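Just so you know, the protein sequences line up as chains A and B, in that order. Its first residue numbered 1, the first sequence is counted upward by one per residue in the numbering used here. Its first residue numbered 1, the second sequence is counted upward by one per residue in the numbering used here.
Be careful, since some hints might not be right.
Taking lysine-lysine pairs in the BS3-like style, the calculated list, with each CA pair at most 30 Å apart, reads [stated by the list, open to error]:
| hint | chain 1 | residue 1 | chain 2 | residue 2 |
| --- | --- | --- | --- | --- |
| 1 | A | Lys210 | B | Lys123 |
| 2 | B | Lys201 | A | Lys210 |
| 3 | A | Lys162 | A | Lys210 |
| 4 | B | Lys82 | B | Lys2 |
| 5 | A | Lys105 | B | Lys239 |
| 6 | A | Lys80 | B | Lys255 |
| 7 | A | Lys229 | B | Lys69 |
| 8 | A | Lys210 | B | Lys69 |
| 9 | B | Lys201 | B | Lys2 |
| 10 | B | Lys81 | A | Lys210 |
| 11 | A | Lys14 | B | Lys2 |
| 12 | B | Lys239 | A | Lys210 |
| 13 | B | Lys123 | B | Lys81 |
| 14 | B | Lys2 | A | Lys93 |
| 15 | B | Lys239 | A | Lys80 |
Covered by chain B, according to a simulated footprint, are these stretches of chain A (three or more residues, beta-carbon under 8 Å) [as the list claims (entries may be wrong)]:
| hint | stretch |
| --- | --- |
| 16 | 17 to 24 |
| 17 | 48 to 57 |
| 18 | 68 to 80 |
| 19 | 263 to 273 |
Source of the hints: derived by calculation from the structure; they are not laboratory data. If you're wondering where the values come from, they're calculated on a predicted model, not measured in any experiment. A virtual CB, placed ideally from N, CA and C, is assigned to each residue, including glycine.
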Amino acid sequence: MADLTVKLGNLILKNPVMTASGTFGYGMEYHNFFDISRLGAVVVKGIRMEVSDGNPTPRVAEVTGGMINAIGLQGPGVDKFLHDEHYMPFLRKVGATTIVNIWGKSLEEYGEVAAAMDSESDGISALEINISCPNVKEGGAAFGTDIKLAQSVVAMVRKNTKLPIITKLSPNVTNIGDFACAAVDAGSDMVSLINTLGAMAIDIETRRPKIANVCGGLSGACVKPVAIKMVYDVAKRVKVPIIGMGGIMNAADAIEFLIAGASAIAVGTANFINPMATIEIIDGINEYLDRHNIKSVSEIINSVRL
Amino acid sequence: MKFGTILKNENFKSDYYEIVFYHPEIAAAARAGQFVHVQIDEISSRMLRRPFSIHDTDIEKGTVTVVYKVVGDGTKRLSGKKVGECCDLLSALGNSYSDVAPDEYPIIIDGGYGAAATYILAKNSPVKGSFLFGARGERDVILTEKYQALNWDVKIATNDGSVGHQGLVTDLIAKVIEENPGKKFKFFACGPHPMLIALTKILMQQNLDGEISLDHVMCCGIGACFACVVKVNADNEQKWRYARSCSEGPVFNVKEVYIGD
Numbered sequence: 001m002a003d004l005t006v007k008l009g010n011l012i013l014k015n016p017v018m019t020a021s022g023t024f025g026y027g028m029e030y031h032n033f034f035d036i037s038r039l040g041a042v043v044v045k046g047i048r049m050e051v052s053d054g055n056p057t058p059r060v061a062e063v064t065g066g067m068i069n070a071i072g073l074q075g076p077g078v079d080k081f082l083h084d085e086h087y088m089p090f091l092r093k094v095g096a097t098t099i100v101n102i103w104g105k106s107l108e109e110y111g112e113v114a115a116a117m118d119s120e121s122d123g124i125s126a127l128e129i130n131i132s133c134p135n136v137k138e139g140g141a142a143f144g145t146d147i148k149l150a151q152s153v154v155a156m157v158r159k160n161t162k163l164p165i166i167t168k169l170s171p172n173v174t175n176i177g178d179f180a181c182a183a184v185d186a187g188s189d190m191v192s193l194i195n196t197l198g199a200m201a202i203d204i205e206t207r208r209p210k211i212a213n214v215c216g217g218l219s220g221a222c223v224k225p226v227a228i229k230m231v232y233d234v235a236k237r238v239k240v241p242i243i244g245m246g247g248i249m250n251a252a253d254a255i256e257f258l259i260a261g262a263s264a265i266a267v268g269t270a271n272f273i274n275p276m277a278t279i280e281i282i283d284g285i286n287e288y289l290d291r292h293n294i295k296s297v298s299e300i301i302n303s304v305r306l
Numbered sequence: 001m002k003f004g005t006i007l008k009n010e011n012f013k014s015d016y017y018e019i020v021f022y023h024p025e026i027a028a029a030a031r032a033g034q035f036v037h038v039q040i041d042e043i044s045s046r047m048l049r050r051p052f053s054i055h056d057t058d059i060e061k062g063t064v065t066v067v068y069k070v071v072g073d074g075t076k077r078l079s080g081k082k083v084g085e086c087c088d089l090l091s092a093l094g095n096s097y098s099d100v101a102p103d104e105y106p107i108i109i110d111g112g113y114g115a116a117a118t119y120i121l122a123k124n125s126p127v128k129g130s131f132l133f134g135a136r137g138e139r140d141v142i143l144t145e146k147y148q149a150l151n152w153d154v155k156i157a158t159n160d161g162s163v164g165h166q167g168l169v170t171d172l173i174a175k176v177i178e179e180n181p182g183k184k185f186k187f188f189a190c191g192p193h194p195m196l197i198a199l200t201k202i203l204m205q206q207n208l209d210g211e212i213s214l215d216h217v218m219c220c221g222i223g224a225c226f227a228c229v230v231k232v233n234a235d236n237e238q239k240w241r242y243a244r245s246c247s248e249g250p251v252f253n254v255k256e257v258y259i260g261d
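Kindly generate the complete structure, drawing on both the sequences and the hints.
As structure tokens, then:
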């Protein structure tokens, strides 16, 4: 049994396997399949101040090797998240290492959400700032694709919380490394990447877009090579820990991200197909390390041989 | 147990197939209206799961039957599966129809392969009721003989008039009510979205009780992704909210369903 512990700055995780925000609900659904406290961290679906309805349906469409989604960040709002038994109190009760993904429709709202989480931070290990959801018109992509706005969001969150901050980066930019550096300069303790890639699919019989929002975000196995390169690029630019994600379907995919430069990884679309994906990935990483006689997972992080 | 072994996978009419899985746990657990989420491609990264209503179960034989129509890549691939092959099955998912009470007269209204979803309900009902079935034409008239075999009163409507009444299945409601004076009616339905919304409006207008199986393009099937939402009434300014059809449904009482727009 290898040592799977990873250290992300001051945040120590029992293993490098996390869930990608938006693909794991608020943990409860998957707790029916396994003990979610076994995960490195549960990253919950994005939370803003108010209740959020999300987009009209259809919200998803399958494409070759993946899917396009435009859920639109449906969510319960801060108050319900912090106090309703289905959300944070549940995660606290089962002892899940919890990272809260936050978003807002304005700079100020990002600050308010961060402050609210900070004031009741028992059980919250970190905040992940969502500046890159491609599916909401306000907030989301607007902040993630403008470097100055991205920086001001991070600075605003930094001002309002002592919790570790992860900035989730959009791949829909010319140079993701510049955004990673900007986030770190503004006070982000680490970065996560990639969010989904802007995408579209059309039904040729009706000539209508396959999802109601017209465009959405691409995820699943097909995005992995793009994500690996971005992690590799960002690892050369920043010293802070990187959480890598994008098309991780199994342990081999996860290990590839670690080698490319990620200190931890997040599993997204795979959860929809196999609810046990994260647990199987933890076991698979351990098996790989044992097979290669590697004592600690930290030895393979950022270890690509050129 | 994850896998269900295929015991049968046969084309029984037009594009319609019946597939039988051996999976005793699901057979024992499944209730009317629930669904099974099938991983069709053995390589999980290639295709999302597909949800199918559970058509029938046999607890003694440990079997779960699904009736499906080939409509796209997933069902096409499923139709090519051979006896003896396995599929990873997640089930029994979703909520279920209420049991029919002995003092109720059940009326099932289905459109197309919606008829697959209500069969267990009819089979377990203590009262023989009416089964109203609607389809575009003869090639989509399926499963009616199975309801006939249960001694239910079967009425059919087709858009083209090739079988039964020419028109909509909801046109048949008035006649059934007329034929059964003084009964306490309870409606159960599954079918295309517009049919279900039309039915909901009729039932609400006439103050009749009913449950409909409502869903939308599904992804995780367990309530985590929020893809398959439908509008339900809510105590807020806009009077509705999105509910996950996979975990809060697929069965909703007509009183819950938002019909505002």
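Going through the hints against the structure:
| no. | hint | in the structure |
| --- | --- | --- |
| 1 | Lys210(A) with Lys123(B) | violated (37 Å) |
| 2 | Lys201(B) with Lys210(A) | holds (28 Å) |
| 3 | Lys162(A) with Lys210(A) | violated (42 Å) |
| 4 | Lys82(B) with Lys2(B) | holds (18 Å) |
| 5 | Lys105(A) with Lys239(B) | holds (23 Å) |
| 6 | Lys80(A) with Lys255(B) | holds (25 Å) |
| 7 | Lys229(A) with Lys69(B) | violated (41 Å) |
| 8 | Lys210(A) with Lys69(B) | holds (20 Å) |
| 9 | Lys201(B) with Lys2(B) | violated (40 Å) |
| 10 | Lys81(B) with Lys210(A) | holds (27 Å) |
| 11 | Lys14(A) with Lys2(B) | holds (28 Å) |
| 12 | Lys239(B) with Lys210(A) | holds (27 Å) |
| 13 | Lys123(B) with Lys81(B) | holds (28 Å) |
| 14 | Lys2(B) with Lys93(A) | holds (28 Å) |
| 15 | Lys239(B) with Lys80(A) | holds (19 Å) |
| 16 | 17 to 24 | holds (count 3) |
| 17 | 48 to 57 | holds (count 4) |
| 18 | 68 to 80 | holds (count 3) |
| 19 | 263 to 273 | holds (count 4) |
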